[in-house]
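Construct the entire structure; sequences and hints are all you get.
There are 4 protein chains.
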Amino acid sequence: MTIRIAVAGASGYAGGEILRLLLGHPRYAAGEIEIGALTAGGNAGTTVRAHHPHLLPLADVVLADTTPEVLAGHDVVFLGLPHGTSAVIADALPPTTIVIDCGADFRLSDAQDWADYYGGEHAGTWPYGLPELPGNRDKLRDASRIAVPGCYPTISILSLLPALAARVVEPHVTIVAVSGTSGAGRAPKADLLAAEVIGSARAYGVGGVHRHTPEISQALSAAADEPVTVSFTPVLVPMARGILATCTARTSATAADVAAIYEKAYGDETFIHVLPDGALPTTGSVLGSNAVQLSVTVDERSGTLVAVGAIDNLTKGTGGAAVQSMNLALGWGEAEGLSVVGVAP
Amino acid sequence: MTIRIAVAGASGYAGGEILRLLLGHPRYAAGEIEIGALTAGGNAGTTVRAHHPHLLPLADVVLADTTPEVLAGHDVVFLGLPHGTSAVIADALPPTTIVIDCGADFRLSDAQDWADYYGGEHAGTWPYGLPELPGNRDKLRDASRIAVPGCYPTISILSLLPALAARVVEPHVTIVAVSGTSGAGRAPKADLLAAEVIGSARAYGVGGVHRHTPEISQALSAAADEPVTVSFTPVLVPMARGILATCTARTSATAADVAAIYEKAYGDETFIHVLPDGALPTTGSVLGSNAVQLSVTVDERSGTLVAVGAIDNLTKGTGGAAVQSMNLALGWGEAEGLSVVGVAP
Amino acid sequence: MTIRIAVAGASGYAGGEILRLLLGHPRYAAGEIEIGALTAGGNAGTTVRAHHPHLLPLADVVLADTTPEVLAGHDVVFLGLPHGTSAVIADALPPTTIVIDCGADFRLSDAQDWADYYGGEHAGTWPYGLPELPGNRDKLRDASRIAVPGCYPTISILSLLPALAARVVEPHVTIVAVSGTSGAGRAPKADLLAAEVIGSARAYGVGGVHRHTPEISQALSAAADEPVTVSFTPVLVPMARGILATCTARTSATAADVAAIYEKAYGDETFIHVLPDGALPTTGSVLGSNAVQLSVTVDERSGTLVAVGAIDNLTKGTGGAAVQSMNLALGWGEAEGLSVVGVAP
Amino acid sequence: MTIRIAVAGASGYAGGEILRLLLGHPRYAAGEIEIGALTAGGNAGTTVRAHHPHLLPLADVVLADTTPEVLAGHDVVFLGLPHGTSAVIADALPPTTIVIDCGADFRLSDAQDWADYYGGEHAGTWPYGLPELPGNRDKLRDASRIAVPGCYPTISILSLLPALAARVVEPHVTIVAVSGTSGAGRAPKADLLAAEVIGSARAYGVGGVHRHTPEISQALSAAADEPVTVSFTPVLVPMARGILATCTARTSATAADVAAIYEKAYGDETFIHVLPDGALPTTGSVLGSNAVQLSVTVDERSGTLVAVGAIDNLTKGTGGAAVQSMNLALGWGEAEGLSVVGVAP
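Residue numbers (this note's numbering), protein chains in the order written: chain D, 1 to 345; chain A, 1 to 345; chain C, 1 to 345; chain Z, 1 to 345.
Any given hint could be a false lead.
Note that the list lumps identical chains together, so a pair holds whenever it fits in one copy or between two copies.
Cross-link-like lysine to any residue pairs, in silico, SDA-like; alpha carbons within 25 Å at most [claimed, not checked]:
| no. | residue 1 | residue 2 |
| --- | --- | --- |
| 1 | 189 | 82 |
| 2 | 189 | 205 |
| 3 | 189 | 275 |
| 4 | 189 | 278 |
| 5 | 264 | 49 |
| 6 | 264 | 57 |
| 7 | 264 | 136 |
| 8 | 189 | 60 |
| 9 | 189 | 42 |
| 10 | 264 | 58 |
| 11 | 189 | 280 |
| 12 | 189 | 65 |
| 13 | 189 | 276 |
| 14 | 189 | 49 |
| 15 | 264 | 167 |
| 16 | 139 | 334 |
Simulated from the structure, these hints should not be mistaken for lab results. Predicted model only: the values in this text are computed from it and were never measured.
Right under this line is the structure:
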């Protein structure tokens, strides 16, 4: 049986990453995956080569318009669309089609959060494509609509969740996450030009206004079973890919307590690697992979738990999570086509 | 009158930056500054060109050995030496010689802090070369021994001090500072190779073990007049220069309160620029300059003050602070030879 | 006497660099330079801070429209405008106003070259703002209209001119020049986004179609007194600033011959440094400076002269050359406000 | 049947890349590849994690000493050793063991070239691990000793070979190749520190003295059936991986002639992609892949063929070529475990 897959928003970074992973998926080589419609908005009519010169097997494919008609007739449809545009597409597709949305529209459960951070009407809430959340994996196995988490939430939530679930930290967390600029997307803006970014670091969305803040808070509050306030600051640094999140919370636990909690939480996870004492994650070591590298320690002088996590924002942070979710929804092996080995140095 | 200046440790980054600034000092062009002995450890006998190809006017100068004899007979001696080695040199120089140490030996006032973080015997405490600390400028005008602050402490302290002095934040602060790798010095190490650093971000000294932690705590506690605990995490990113510090503390103050406090604290400072609402600092915009760019806001949802500060770690963070201190100690204009205009993009 | 200076195109990289240099010019500190109108096209009405956060002393200046009326009443007008737009402005300014154009309009002497590479009508030819060309310095001292060279031509011409003038190489030269992306300007384009540029090198304008090719050929042919054909390939690499040009031509001369020729040609030049044997230029060492670092050698096995040159494309390659030309035209010291010391590392 | 594979020099970049590719090889997942001894010199006794934190499945493997005894009992032995040290190891292994050397020892056929560029005694000549050379693929199918090409030679040879074989260019070629710094290896050196490399481009080995020069000349001369002189200049730029080679030679052929020649030469090659007119290679698009992206054109004004080629120096330039050679020598599919899809952006 062949699964036919479409990608809407194929000229963007999320779409490109999904396609990269599909081309390397063992079921693609085996003929069980067929890449169908690739669509775009303003880039419709151009070839894949113009946007993704690394995707040589698809180089001459011409991008179609993103319409329900073009996307019909596929078993899986990935959406990499601007915020607020997924619902119309999804509603027009049969309920049996697996729709995996890389946008924000269906991530939040609280309509007020949506109104505060995105504006407009809340589209709804879909199963959250982070299988490593407690109890979440089974929900994804039955899902035909999946909302892929934001890149910052993925690493922030995974870095802090065990400590909050075990209630060994105060429910106020501080996250400073440095990121490569691919997370900001591919629309040309002056402040994302290479000449502006190279040699410079800058924070943005300072003061809790970044749209990923409520998404982080939502998952951590659920884990802690009490409201968790989140101070979140993203920092752009001169890299193309990668997020390194430094996550802190007040604690009176010991380093040994905390190590045991994280080991228990993640010991069986394929993609989450809690590093041994003395090792620290780097974004370079997860580049292009679906791995999460974590370290966790306690600064006893200041009474602070410090969890540091690294992911590739385009892989585990977007396209890898999308493929991981697809694997689950199709009943395939969760890790198929996804590696824990990064491309380094 | 001509001031004769020596630089010990001239092959390192601190020494190179001091020399760059001296070559651009208006009193150098006027003949009032003479660059005397340039010394090194293992690099003695080599030329400046081999280490600092950008310092063309000094390219053929041969580095001498770092000994008290070579450094004698100068009006000002800058020290850019490994930790623990400045005291011997300084003791051998006349008390009237202005000695400005870029190392850590004389920064800490608490011998226990020294023992905990550096080990060995505490050398003593010199006036701290951060003129912007309340009351500190006058001490530097009379000083003939000055300890230049560490790069991370400079921006961390300046970012948080007004809020702590005004007691509008809790005395527990969290600092995550991203830095270019010149701060790690020039001794070759595998993990500082370009191939390891480019495309990768990594934290180090996690858990409060970085040696700059007690230096930050010392100044902030003095300002707050109570003990301030510090959670400090440095993060290396793929840049040569620059530190961007994201500094947070719990607060119940409003953004307007805080803006007024910072404006009052820094409104008259030449080098500290508190940016208007909506503007955020970038390290690129302070490159090569002595400027400090700061923004401060309050995240009311999470009750957090967020101060973000940017400096060039080699200029305001080291060599610029050293020259600024020298200017004060010599009775010159504090800002001579120092610019607030960075080299961007 | 105060010289009043306007900059048209002040929101671009050329304009920003000219302003950076003017702010550091000793005659600005002395009150002999006044910065007057700063103008822009689409960015008119915004502040300097929005485009050049490093130019703190001008941060709150509002950009005016680029019109002859606004630019009238200045002693010097710098133009950093799109190709083809300088002539209208220049024609409307009095002949006594010193107009220094950073665009291409007045660089070429051959109208056919203009037609072939730029299209449209040739505006004319102004004195060429490269004082280091033989006999050119005096022309600039009398000029009130100056065309600043392109960045690639500056380093290509200076790297090869002595060899061609001395006729020790064949009149066919091959130039491969790697460049930071600030040379491509500040208009947002997808292929100049940081995520595309970081981690990637790419050639462009391959096959002799880059517009700087005829400009290089023009100057080298004049020096050689015979037609010189030029194979020129620019390569974008992940840097903000800097050009490193590797320039080759067949030769039967020896390395010693060539060294003598270059020493004779450039021994008295302030900004051109022919490095001693064994030293090679780096773009990092000229960053922000007006220095040209050159090395020249002969590969005797392949009978090739190899000249490698480095400049900062925004300084000696644009803004520095503009200020150097202004200094000459005003009768000031040619090197005032310009340094040979780069900001490194 | 399980193939047991050892890697000597496993802590270096070549060794790490070979291991990355083996972990992703479909026969590793199928249990047909077993990773046996991993050895090192000075790093023996440390774990893989300390050197290659991206190789999570091998993180806790302890590196053994590089001795013939440790390397015995494997079907395939990869050598990533310092020049001059492979022969002793290879001689001690049975002739049936497939030994694939990533060093230079067995690449050159001319003992004088070895003496001139490396010094010491020439070890011999092994089949050259570049299957895309005319007639070479069959030799590798029978080989049990293979010399993997240098990274610069791989792309330089592939970029120019069709034109020289077809004798449409003069037998004098000029190559300027920009490279990331991983090609310089992992031994710590001051001039490879991130702070020195970031923001700076520099040539090295200028004047034909780089050791890859005779290797390029050897292959091109064989293809042209006449001596080809090579002017080769490598340029380090701020990237971790990737080589972009701009290769020129005088020609009187047309662009159409040349396009046809390259299409004929490479149309059937899996890994070599000659891009359509208007597309140009980027190193970013081949990152981590075994692909070669080429463009070729003719600058008719200057009578120059310009071929631009991109590879990942660690993959097609080293580890990928090694695995491709292994696949051939074992009778496996040549492309198994090797992708043409890079990790971009």
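In rising order, the numbers of the hints this structure does not comply with: none
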